[in-house]
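Colleague: Residue numbers (numbering that gives the first Met the number 0), protein chains in the order written: chain G, 0 to 184; chain V, 0 to 184.
Honestly, the hints are just simulated from the structure, not real lab data.
Every value quoted in this text rests on a predicted model; they were computed, and no experiment measured them.
It is possible that some hints are incorrect.
Claimed, not checked - If you want the footprint, here are the derived chain V segments under chain G, 3+ residues with CB under 8 Å:
no., segment
1, 26-34
2, 153-161
Said to hold, decoys possible - Simulated DEER-style distance windows between Cβ atoms:
no., chain 1, residue 1, chain 2, residue 2, range
3, G, Pro49, V, Asp73, 46 to 54 Å
4, V, Tyr165, G, Ala99, 12 to 20 Å
5, V, Tyr165, G, Ile126, 16 to 24 Å
6, V, Ile66, G, Ile126, 39 to 47 Å
7, V, Ala99, G, Arg98, 51 to 59 Å
8, G, Arg102, V, Arg98, 53 to 61 Å
Just so it is clear, CB atoms sit at the ideal spot from N, CA and C, and this is done for glycine as well.
Number of protein chains: 2
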Amino acid sequence: MAEIFLALIHHPVVDRNGRIITSAITSLDLHDIARSSRTYGVRALYVVHPVAQQREFARGVIDHWHIGHGRSFDSRRVEALDLIEIVADLDAAVAATERAAGRRPAIVHTSAREKKGMSFAAMRELIAQADTPPILILLGTGFGLAPAARERADLALEAIRGAGDYNHLSVRAAASIILDRLRGR
Amino acid sequence: MAEIFLALIHHPVVDRNGRIITSAITSLDLHDIARSSRTYGVRALYVVHPVAQQREFARGVIDHWHIGHGRSFDSRRVEALDLIEIVADLDAAVAATERAAGRRPAIVHTSAREKKGMSFAAMRELIAQADTPPILILLGTGFGLAPAARERADLALEAIRGAGDYNHLSVRAAASIILDRLRGR
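Bound-form chain G, shown alone (with noise of 0.2 Å):
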């Protein structure tokens, strides 16, 4: 079984328009993803940005959890957020992948907006395969990934589909059923 890990991606993304940006770090990402992250057996959650204030934060929020009252209050959230490292941009996540995992990772990229790609039933025996390396998984904020982001993946999974056209779920959302259709029992 290949190991799993996610990196989500605040530059570079595109906004509404299209236009290349760098989105700001939600508190609340964190702490959904980390926790869907917890459940579906992901390795590590890379949070990559890069403006050192932006990680400052990122620092702050999981910190928090970790001390005093928010350490008592609730564990089961501290558990999910050490699964987070807050990197400067994607070299530094595939690296602290290869670190973790011994091994270098498959790039997948993933977008609302993927006309080919690999669907989730074949990526799933992949990642059951003995001899397949880690995968790590790119996530995009805001609008979704710049076409940069693509370039550097090996591979690219399919969109995911709901009932008709409309396609506009949260990254949060997106997150947990792209976990839950490659690790879901």
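Knowing the structure of chain G, use the given hints to seat chain V on it.
Modeller: Showing chain V alone in chain G's frame:
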């Protein structure tokens, strides 16, 4: 195909110690669950809160996106928020479902602690059948639905299971996974 309705319950729910409480409405719950609802063809999302002031707050969140900047900024968000109806209690949600669907709904309980419950596969099949009544799925905020909500339900869904024993998803993540399992493609 049976229509799906959601009820996001803020009372009666439990806190981490199992005490019955009334939780506060969270703006992000409305956004995330409305977007997931729209993506998976949910007919209406009832936000259930017994406190008038809290219901006013929720209306304010929705109205913000209906006027001026909000609307022009992101019309897809408005499309999702239009699914929300704010009601005082479960009875009102059931009555609204019956008005919208023309038939009394089957009330479905969800919980991370459910030991038995109908499987997602069986519920998906049930929904696909022509003569199934509308389905009203109860989602608990806080640490989940109180026993009184369980007693109102006609059916219970099995708990979502991840990769191991940890199961502490946010209600936003749980809602999206439930919908994906019941209606995803």
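Colleague: Next, verify each hint and record whether it holds.
Modeller: To see whether the hints hold, each was checked on the structure:
Three residues within the 8 Å Cβ limit are the bar, and the segment 26-34 of chain V against chain G gives 4, so the coverage statement holds. Only residues whose beta carbon comes within less than 8 Å of a beta carbon in chain G count, and the segment 153-161 of chain V has 3; three or more means the coverage holds. A C-beta distance of roughly 25 Å is found between G:Pro49 and V:Asp73, which places it outside the suggested range of 46 to 54 Å. Taken as a hint, the range 12 to 20 Å holds for the pair V:Tyr165 and G:Ala99, whose Cβ atoms sit roughly 19 Å apart.
Separation of V:Tyr165 from G:Ile126 is about 19 Å and conforms to the stated range, judged on CB atoms against 16 to 24 Å. The hinted range of 39 to 47 Å is satisfied by V:Ile66 and G:Ile126, whose Cβ atoms lie roughly 46 Å apart. Range check, V:Ala99 to G:Arg98: about 54 Å between beta-carbon atoms, so the 51 to 59 Å window is met. Between G:Arg102 and V:Arg98 the CB atoms are about 57 Å apart, so this pair conforms to the stated range of 53 to 61 Å.
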